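Trainee: Residue-level listing of the chains:
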Amino acid sequence: MASAADVIVVGGGVIGSAIAYYLSQEGTKVALVERGDVASGTSSACDGNILVIDKMPGYDSQLALKSQELLAELVESLDYDLEYAQRGSVLVVEDEKQAQVARDWFTRQKDAGLPMRYLEGKEVFEDEPLLAHDMVGLVECASDASLNPMAFVYGLISGARRAGAMIHPFTEVTGFLQDSTGVVRGVETTHGTISADKVVLAAGVWTPGLAATVGVNVPIKPRKGHILVAERSPHPARRKVQEFGYLLAKFGGTEGRSVEPDMDRYGVAMVFEPTEHGNFLIGSSREFVGFDQRCNHHVLELMARRALRFFPTIRDIRVIRTYAGLRPYTPDHLPIVSPVPTVPGLYIAAGHEGDGIGLAPITGRLIAQMIVGEPTAVATEPLRIDRFVNKEHKGE
Amino acid sequence: MMDDDTIVCRCEEVTVGQIRQAIREGAADVTGVKRRTRAGMGLCQGRTCEKIVMRILAQELGKPLSEFAPATVRPPVQPITFGLLAEGTDG
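Chains A and B, in that order, give the protein sequences.
Heads up, the first sequence is in the numbering used here, so the first residue is 9 and it goes up one at a time.
Heads up, the second sequence is in the numbering used here, so the first residue is 122 and it goes up one at a time.
Rather than coming from a laboratory, the hints here were simulated on the basis of the structure.
Since the model is a prediction, treat every value here as computed from it, not as a measurement.
Note that the Cβ used here is the ideal one computed from N, Cα and C, for glycine as well.
Please note: incorrect hints may appear among the correct ones.
[Claimed, not checked] Label-pair distances were calculated between CB atoms; the ranges are: (1) B:D124 / A:R193: 20 to 30 Å; (2) A:E284 / B:V194: 23 to 33 Å; (3) B:E181 / A:G286: 39 to 49 Å; (4) A:K105 / B:V194: 41 to 51 Å; (5) A:P269 / B:M123: 46 to 56 Å; (6) A:D187 / B:Q199: 53 to 63 Å; (7) B:I128 / A:A120: 31 to 41 Å; (8) B:M123 / A:D103: 26 to 36 Å; (9) A:E284 / B:E146: 45 to 55 Å; (10) A:E81 / B:R195: 27 to 37 Å.
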């Protein structure tokens, strides 16, 4: 089978699906190629956060805020139940030492125009009564939301399909077609050749392997994260709650928490997320173990212990399932959303680590704007792949 | 032939009709059905419904039952409370 398109998107996770959706809305003829089912890799082994609260104040948080606005439009325009709920989210502060850092974080975000509040003392327990009684503060972001990440992918895919995109699941890319000057002309797949003048790699942690075949070095590494799923039960909080120490774990350097050493070693930080079906999810962990996606029982125990530190009332609620996903890590915690200067026609949209669900809308929009040649919704300089050239980045 | 209204996954109350719809939308295996419908995501984790889901897949896709495998097994083997898990083997 041979076919043709304007743009080929490689990857049927949330990033590739969002790109296919936004491009097809522009009237571009899109072919999306995914080696498994859509939503079968990292996008099916994550939680469903659309957060600004855990982004670095500045470019990072403005990018996330823009993505939240686009998502609110998608909830209206996609004919699919995304299980979207905009309840806001909070960071919970454990002690006075952390409170000093948290107040500074809050002030910088609020000054940048984000819808934030800081609660302390009695206000904490009026707001979330089931938190452990020695908590000292809460940072709240009112615009934060959550959804079902797999439903999000299915919604984007069906929207793209309705706009004319060709979706090819269970089809693996086996090579790239290039002309004599190196310009991209399409891809070879397990089901035949597809020709196109533009190819977007949106394959998350699997992007470096594909890019290497055309001589492009992509500094993305798989970072494993575990999640525990609780049975349907009364929720210990009314919205997303993360320990403030999660930010420390995310950006490196967990100093300042008094936890058992293995919690720092595995980047264990409590993240609570209620779901629309009455279950709740408990995260999080971070480790570099290659492509090993098996659950590490020791880490699951650490995560359960950490959760009980903040929510002692969940002691008798049952964990019914656990899973681990591979988050595409980049050395500076920003994704790569960029043309590839050395291979004309090739683009990369990957490396969102734990922010892929939340940043999918803005990523899809930006790639679509780059390809059709419109001005981009935000500056894309910080997302370019050449920011890594000549810089030596060591993983954590 | 099962009726579309028959409940297959009792934990999450998923019907035959919903599973057939998921297959029409592209679900090609037990996990694909699970992700689209929640069948097998409840307290029993598919112990009751998994075989039936496999049978519906075989029927709808016109393939032999032997081509369908159960979903990936995820720990814990049986539900365990946060308290017991936290105590753990190394706690």
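Trainee: For every hint, state whether the structure bears it out.
Mentor: The hints, checked one at a time:
Hint check: D124 of chain B to R193 of chain A, Cβ distance near 51 Å, so the stated range 20 to 30 Å is violated. Checked against the hint of 23 to 33 Å, the C-beta distance between E284 of chain A and V194 of chain B comes to roughly 26 Å, which is consistent with it. In this structure, E181 of chain B and G286 of chain A break the distance hint of 39 to 49 Å, their C-beta atoms being roughly 29 Å apart. At roughly 43 Å, the beta carbons of K105 of chain A and V194 of chain B sit within the given window of 41 to 51 Å.
About 54 Å separates the C-beta atoms of P269 of chain A and M123 of chain B, a value consistent with the hinted range of 46 to 56 Å. Our hint of 53 to 63 Å for D187 of chain A and Q199 of chain B holds, since their Cβ atoms are close to 58 Å apart. I128 of chain B and A120 of chain A have their C-beta atoms about 50 Å apart, which leaves the hinted 31 to 41 Å range violated. Taking the beta carbon of each, M123 of chain B and D103 of chain A are about 57 Å apart, not inside 26 to 36 Å as hinted.
The hinted range of 45 to 55 Å is not satisfied by E284 of chain A and E146 of chain B, whose Cβ atoms lie roughly 20 Å apart. One distance hint, 27 to 37 Å for the beta-carbon pair E81 of chain A and R195 of chain B, holds here, with the actual separation near 35 Å.
Checked against the numbered hints given earlier, this structure breaks hints 1, 3, 7, 8 and 9; the rest are met.
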